[in-house]
Amino acid sequence: KQKVGCPFDLSTSHGSQIDEKQVEAIMKYIEIGKKEARLVTGGNRVQTDGCFIEPTIFADVDPQSRIAKEEIFGPVMQIIKFDNEENLVDIANDTIYGLAAGVLTNDIGKALTVANSIKAGTVW
Numbered sequence: 001k002q003k004v005g006c007p008f009d010l011s012t013s014h015g016s017q018i019d020e021k022q023v024e025a026i027m028k029y030i031e032i033g034k035k036e037a038r039l040v041t042g043g044n045r046v047q048t049d050g051c052f053i054e055p056t057i058f059a060d061v062d063p064q065s066r067i068a069k070e071e072i073f074g075p076v077m078q079i080i081k082f083d084n085e086e087n088l089v090d091i092a093n094d095t096i097y098g099l100a101a102g103v104l105t106n107d108i109g110k111a112l113t114v115a116n117s118i119k120a121g122t123v124w
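First residue of the sequence shown: 1, per the UniProt record's numbering; consecutive thereafter.
You may find that some hints are simply not true.
[As the list claims (entries may be wrong)] As a list, the in silico BS3-like pairs of lysine-lysine whose alpha-carbon atoms are at most 27 Å apart:
| no. | residue 1 | residue 2 |
| --- | --- | --- |
| 1 | Lys21 | Lys81 |
| 2 | Lys110 | Lys28 |
| 3 | Lys21 | Lys34 |
| 4 | Lys1 | Lys34 |
| 5 | Lys69 | Lys28 |
| 6 | Lys3 | Lys21 |
| 7 | Lys69 | Lys119 |
| 8 | Lys28 | Lys1 |
| 9 | Lys69 | Lys35 |
[Unchecked claim] What follows is a list of derived Cβ distance ranges for each label pair:
| no. | residue 1 | residue 2 | range |
| --- | --- | --- | --- |
| 10 | Ala25 | Gly102 | 21 to 27 Å |
| 11 | Arg45 | Asn87 | 22 to 28 Å |
| 12 | Pro63 | Asp19 | 27 to 33 Å |
| 13 | Lys81 | Trp124 | 36 to 42 Å |
No lab work stands behind these hints: they were computed from the structure.
In this text, a Cβ means the ideal position worked out from N, Cα and C, and glycines have one as well.
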């Protein structure tokens, strides 16, 4: 279970956003995401003092949608389906940002092939 709260509390997994302006920007993207994709979990502001937002996951995300293309800078994850490794790499590389990417698989060979094909500053 994810816990939103003070980063000095060792049981916390997600801390505060930097300020109210950033919370508003993230919440606008969450509202956009609710129209573009399927909300799996989260999507709400945590009702407490501070600038906290629930970790949010969207599924069935179109790779060309705003929540897939634009940087949200908040606790929002998008799940995008792909047909094969080539399609996956095409989707991952179809961005102007390319700061970081992650590859999750049980097949280390596929992981290395895909990781080496993704144009990102950091791939883990």
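For each hint, the structure was consulted:
{"no.": "1", "hint": "Lys21 <-> Lys81", "verdict": "violated, 32 Å"}
{"no.": "2", "hint": "Lys110 <-> Lys28", "verdict": "violated, 36 Å"}
{"no.": "3", "hint": "Lys21 <-> Lys34", "verdict": "holds, 20 Å"}
{"no.": "4", "hint": "Lys1 <-> Lys34", "verdict": "holds, 23 Å"}
{"no.": "5", "hint": "Lys69 <-> Lys28", "verdict": "holds, 15 Å"}
{"no.": "6", "hint": "Lys3 <-> Lys21", "verdict": "holds, 22 Å"}
{"no.": "7", "hint": "Lys69 <-> Lys119", "verdict": "holds, 15 Å"}
{"no.": "8", "hint": "Lys28 <-> Lys1", "verdict": "holds, 25 Å"}
{"no.": "9", "hint": "Lys69 <-> Lys35", "verdict": "holds, 15 Å"}
{"no.": "10", "hint": "Ala25 <-> Gly102: 21 to 27 Å", "verdict": "holds, 23 Å"}
{"no.": "11", "hint": "Arg45 <-> Asn87: 22 to 28 Å", "verdict": "violated, 35 Å"}
{"no.": "12", "hint": "Pro63 <-> Asp19: 27 to 33 Å", "verdict": "holds, 30 Å"}
{"no.": "13", "hint": "Lys81 <-> Trp124: 36 to 42 Å", "verdict": "violated, 21 Å"}
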